[in-house]
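Participant: Spelled out from the first residue to the last, the chains are:
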Amino acid sequence: MSAAGGTNFDEMLNADGSVRPAYEDLSQWYDSQDKTWFKRQHGEAERFFRRIGITFNVYGDEAAEERLIPFDLIPRIITAREWRKLTRGIEQRVRALNAFLQDLYHRQEIVRSGRLPVHALRENVAFLPQMIGMTPPGGVYTHIVGIDLVRTGEDDFMVLEDNARTPSGVSYMLENRETMMAMFPELFTKVPVRPVSDYPRRLARSLRACAPPAFKGSGRPTVAVLTPGIYNSAYFEHAFLADQMGAELVEGRDLRVVDGRVAMRTTTGYKAIDVIYRRVDDDYLDPLTFQPDSVLGIAGIMDVYRSGGITIANAPGTGIADDKAIYSYMPEIVEFYTGEKPILPNVPTWRCSEPDSLAYVLDNLAELVVKEVHGSGGYGMLIGPTSSKKELAAFEAKLRAKPHNYIAQPTLSLSTVPIFTKAGLSPRHVDLRPYVLVSPDGIDITPGGLTRVALKKGSLVVNSSQGGGTKDTWVLDE
Amino acid sequence: MLGRAANGVYWMSRYLERAENTARLIDVGFHLALTRSDKHAQDEEWKSVLTTTGQVDDYAARHSDFGGPQVFNYLLREKDNPASVLRMIENARTNARMVRTSLTNSVWEATNEGWMILSELLSRPVREANLGEVLTAIRRQGTLVRGALEGTMLRNEVFNFARIGTFIERADSTARILDVKYYVLLPSVAWVGSSLDNVQWDTLLRSVAGNRAYSWLNAGAMDPRGIARFLILDGQFPRSLVFCYEKLRSNMAGLAKEYGEETSAHELLRETGAALHQTAIEDIFETGLHEFLQDFIGKTNRLGAAIAADYRFIE
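Chains as they are written, first to last, in our numbering: chain D, 1 to 478; chain X, 1 to 315.
Mixed in with the good hints, there may be bad ones.
[Unchecked claim] Using 25 Å as the maximum straight-line C-alpha spacing, the simulated SDA-like pairs for lysine to any residue come out as follows:
| hint | chain 1 | residue 1 | chain 2 | residue 2 |
| --- | --- | --- | --- | --- |
| 1 | D | K39 | X | E315 |
| 2 | D | K271 | X | E315 |
| 3 | D | K271 | X | A305 |
| 4 | X | K257 | D | K39 |
| 5 | D | K271 | X | T263 |
| 6 | X | K299 | D | T222 |
| 7 | D | K271 | X | M116 |
| 8 | D | K271 | X | A309 |
| 9 | X | K257 | D | A272 |
| 10 | D | K271 | X | E262 |
| 11 | X | K79 | D | E66 |
| 12 | D | K271 | X | T104 |
| 13 | D | K398 | D | T349 |
| 14 | X | K257 | D | T266 |
| 15 | X | K247 | D | T266 |
| 16 | D | K271 | X | A306 |
| 17 | D | K39 | X | M116 |
| 18 | D | K271 | X | K257 |
| 19 | X | K257 | D | R220 |
To be clear, the hints were calculated from the coordinates, so they are not data collected in a lab.
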């Protein structure tokens, strides 16, 4: 078995081809399996996903309205020691993100201190002036965070991206585990895997701990999940989480402002909501404050929010913290608010808005990955090493025209984990998104996460919208 | 529960019931057409199936031929037909998806799997040779969802709205089937006792899956008045008007109990239900079967509208 990139870190195998200790039990188990049966199980998993409806919709692709994200049966394993370090790093980063948001929307000390240039805020559409001076209930801005990590060596994990708006994919973390446990129950008696299944309960608890001042202590705060509706690509996840939390799944058309509260239309009249876990972007949240033609939001919710009538999770305006232009300042941000060096480093990043950096990026375009500052989902990005001369030239023109719109990073040699193919196990590049919950009670990281895997040999793009798949992610018990 | 969710489970059930009823009507049309030798008589049978489902005008606007395969493909899967069985199954599934958090996994999976199986079956034109298989599959998928509802759902508002959808649709459907064929039940000097009558009566009973039950209750003897009484007033027969209203009464009572109050829909239901109970089949023939059915269909419609308004199905 050869590694995909040749020089990258293989998480299962040592350089000499022997199996790393964390994967030993799994490897033995796999070797003893009848491969014809295993192949059949692979098809079985897909049917299982279709039946329960874990599909996602791809915009602008009507023929294949509902698609499955391919699921690979070989789990990705993280040792207890590795997880301990990741946990400390993630916790530090998430604490910094919240402190940063609190500061940005109040005194902006970080700008005053000269650590963050003011133009990084001023020209940024993710910064919401409506949030200036506003402190969300419990002081929490990012209730749910997804930190995208990549690994390049034995002890080298880096943060590729922060997701502080509405990180998605957690339902895959949960359903992937369910599927694995249903299909290979005996495997879980051989390997000590930490459970992830209580994530929805933790999420509900975490959200309820952030009830707004208007919630008056008797009984439980009412939590609702706000979805754009069944045609949204992540609708399955919205329904899944609402269901698992025992929360209502609402759309904008179910809600209105009644007596200074946001209320949902039930069969017996309007009923106030205390905490809204919104899976609708800031822009669409309130037609009175943001996009006037939005039908996905609730007219007046921002007024209710400001007067303490509702908690919005995540808070509006958190996008400024996961913006790719801000990302490049994260090492300074972590240090500024925690007084510590970052435990998890950033991927080195060139800001094309700076002339020296731009010159470097233009000279080395063929070796770099260039991303749009406000892009997501792997769209609008250039991967130098796999692009043609023509593509490079076209991108260079775009880059020269709007340099401030881009950042560049080295093409990382991402770690690989094997996937199951017709020809047996074969290494593919992966990343990892752990899910983090924040409440006044603390920061809670579920031991596991979503491992995304590039199914095409040699490919570095793991996004599901670009043909990536997922794996179950196992964090081993001590 | 959300008004929108109540609307969703209600319509999910209605669409599933309607798909099943349409499948049964096609089945009967097919059997009947087989017993007719000339094309004109066969076409008339198919036309009557279209009339019963309320689609004869839309069909005529698109097609001039009333041959079997053309008609049943239209009813089952034609792309332009917004009331095809395929579209109803899609609608049922879309509604289920929308209210997924109100349903148990079993109900959702039964609905979703039914949609997957039927979309596949109806992705190609249906031939006479596999029509039976397709119709059986449609009935079976509806039955599976009902079974899952019955076996796994809490007996709460969600369950009640689902059942109310089923029985409003079923009451409406039985009344329409009767109304389209009401003339075969009228006393007619020329036809009395003819074999044509027997076939027509049998067909009517088959359309509501009541032929076996009726024969068993009446030791094989058929008379038009008895058939009408059976389909309208027999409280044991699960597709009769009285049965549907009895179920509506109990599910609506469930809602009133859970919510602690009745609504205008309860009053409407009581009026129509009481009238139905106090009616004898002689009275119905006296006022006119057609007039009676038209009145019933109108009242059931109004009941559905009152339920939607009282429970805030839409803004």
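Participant: Would the hint linking X/K299 and D/T222 be met if the CA-CA limit is 25 Å?
Facilitator: Violated. X/K299 to D/T222 sits at ~39 Å, over the 25 Å cutoff.
Participant: Are the Cα atoms of D/K39 and X/E315 separated by 25 Å or less?
Facilitator: 50 Å, violated
Participant: Given the proposed pairing of X/K257 with D/R220, does the C-alpha separation stay at or below 25 Å?
Facilitator: 24 Å, holds
Participant: Check the hint pairing D/K398 with D/T349 against an upper bound of 25 Å on the C-alpha distance.
Facilitator: 19 Å, holds
Participant: For X/K257 and D/K39, compute the direct alpha-carbon distance and say whether it is at most 25 Å.
Facilitator: Not satisfied, since the Cα-Cα distance of roughly 53 Å exceeds 25 Å.
Participant: Taking only the CA atoms, is the gap from X/K257 to D/A272 under or equal to 25 Å?
Facilitator: With Cα atoms ~23 Å apart, X/K257 and D/A272 stay inside 25 Å; holds.
Participant: CA of D/K271 to CA of X/A306, is that 25 Å or under?
Facilitator: Holds: D/K271 and X/A306 sit about 22 Å apart, inside 25 Å.
Participant: Quickly compare the C-alpha distance for D/K271 and X/M116 to 25 Å and report which way the hint goes.
Facilitator: Violated: D/K271 and X/M116 sit about 36 Å apart, past 25 Å.
Participant: Given the hint that X/K247 pairs with D/T266, test it: the Cα-Cα distance must not exceed 25 Å.
Facilitator: At roughly 24 Å apart (the allowed maximum being 25 Å), D/T266 and X/K247 satisfy the hint.
Participant: Can the restraint linking X/K79 and D/E66 be considered satisfied, given a maximum Cα separation of 25 Å?
Facilitator: 19 Å, holds
Participant: Are D/K271 and X/K257 close enough, with their CA atoms no more than 25 Å apart?
Facilitator: 19 Å, holds
Participant: For a C-alpha distance cap of 25 Å, please report whether D/K271 and X/E315 respect it.
Facilitator: 14 Å, holds
When each numbered hint is compared with the structure, violations occur for hints 1, 4, 6, 7.
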